[in-house]
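K.L.:
Produce the entire structure from the sequences given, and follow the hints as far as they go.
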Amino acid sequence: AQSVTQLDSHVSVSEGTPVLLRCNYSSSYSPSLFWYVQHPNKGLQLLLKYTSAATLVKGINGFEAEFKKSETSFHLTKPSAHMSDAAEYFCVVNNQAGTALIFGKGTTLSVSS
Amino acid sequence: EAEVAQSPRYKITEKSQAVAFWCDPISGHATLYWYRQILGQGPELLVQFQDESVVDDSQLPKDRFSAERLKGVDSTLKIQPAELGDSAMYLCASSSDRGSYGYTFGSGTRLTVV
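Protein chains in written order, with the numbering used here: chain A, 1 to 113; chain B, 114 to 227.
The set of hints was computed from the structure by calculation and includes no laboratory data.
It is possible that some hints are incorrect.
[As the list claims (entries may be wrong)] In the DSS-like style, the derived pairs of lysine-lysine whose C-alpha atoms are separated by at most 25 Å in a straight line are: (1) B:Lys124 x A:Lys42; (2) A:Lys69 x A:Lys58; (3) B:Lys175 x A:Lys42; (4) A:Lys105 x A:Lys49; (5) B:Lys184 x A:Lys105; (6) B:Lys124 x B:Lys191; (7) A:Lys105 x A:Lys42; (8) A:Lys49 x A:Lys69; (9) B:Lys175 x B:Lys191.
[Claimed, not checked] Covered stretches of chain B (in silico footprint by chain A; criterion: 3 or more residues with CB under 8 Å from a CB of chain A, positions within the stretch not fixed): (10) 152 to 162; (11) 218 to 225.
Every residue gets a Cβ at the ideal spot worked out from N, C-alpha and C, and that includes glycine.
P.N.:
Structure below.
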């Protein structure tokens, strides 16, 4: 069965330092992978998506992720954290039919000044 | 920018009572999803509609949960009777096609069962 594992439940960084949120996936088919962000009391927002095109995917707000099939990973990075990046981040894989999303448990990103 | 509307924003109910949530998807979106997000976890799919038809309700606890989308537009999710374990955020999302790439999520309804 397809699944994603977010390796860190909580990541803390200082403003201006790099961000790394780690995600491994398991899938019996060629997956589409996504990162979503959830700010308090707001809906889930798509950051970026991988759909078998370029393995390095650029998203909104300076985030990017690299699909590595050999490592079954899809880590999210940002060169320089901003206070507004503090939120919950979800790594997501589509189901085999391509019609619904399967979420990881989430990583809480804290950014200190 | 078009949004998925959900109401109420918050709901507190006593266990064994009935509760209902409403979702109005983006106009023209044929696919509608209900997800449940328990505190500290990622959302899990409850039910998926294509127009007015249920496509996937395999994870919906059918003994107490029901969902409908009678005219293929807005949708209602009902729980009867509510249990303490149903406390969660209930998220609605819509998509313009059956693919999962064009989701838009609503802000959710936070349910607390006491």
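K.L.:
Please go over all the hints and tell whether each is borne out by the structure.
P.N.:
Status of each hint after checking the structure:
1. B:Lys124 x A:Lys42: 16 Å, holds
2. A:Lys69 x A:Lys58: Answer holds: lysine 69 (chain A) to lysine 58 (chain A) is near 18 Å, not above 25 Å.
3. B:Lys175 x A:Lys42: With Cα atoms ~28 Å apart, lysine 175 (chain B) and lysine 42 (chain A) exceed 25 Å; violated.
4. A:Lys105 x A:Lys49: Satisfied, since the Cα-Cα distance of roughly 18 Å is no more than 25 Å.
5. B:Lys184 x A:Lys105: Since the Cα atoms of lysine 184 (chain B) and lysine 105 (chain A) sit roughly 34 Å apart, the hinted pair is violated (cutoff 25 Å).
6. B:Lys124 x B:Lys191: 13 Å, holds
7. A:Lys105 x A:Lys42: Holds, at about 17 Å.
8. A:Lys49 x A:Lys69: 15 Å, holds
9. B:Lys175 x B:Lys191: With a Cα-Cα distance of about 10 Å, the restraint between lysine 175 (chain B) and lysine 191 (chain B) holds, given a limit of 25 Å.
10. 152 to 162: Three-residue rule met by the stretch 152 to 162 of chain B, so holds; n is 7.
11. 218 to 225: It holds, with 4 qualifying residues against the three required.
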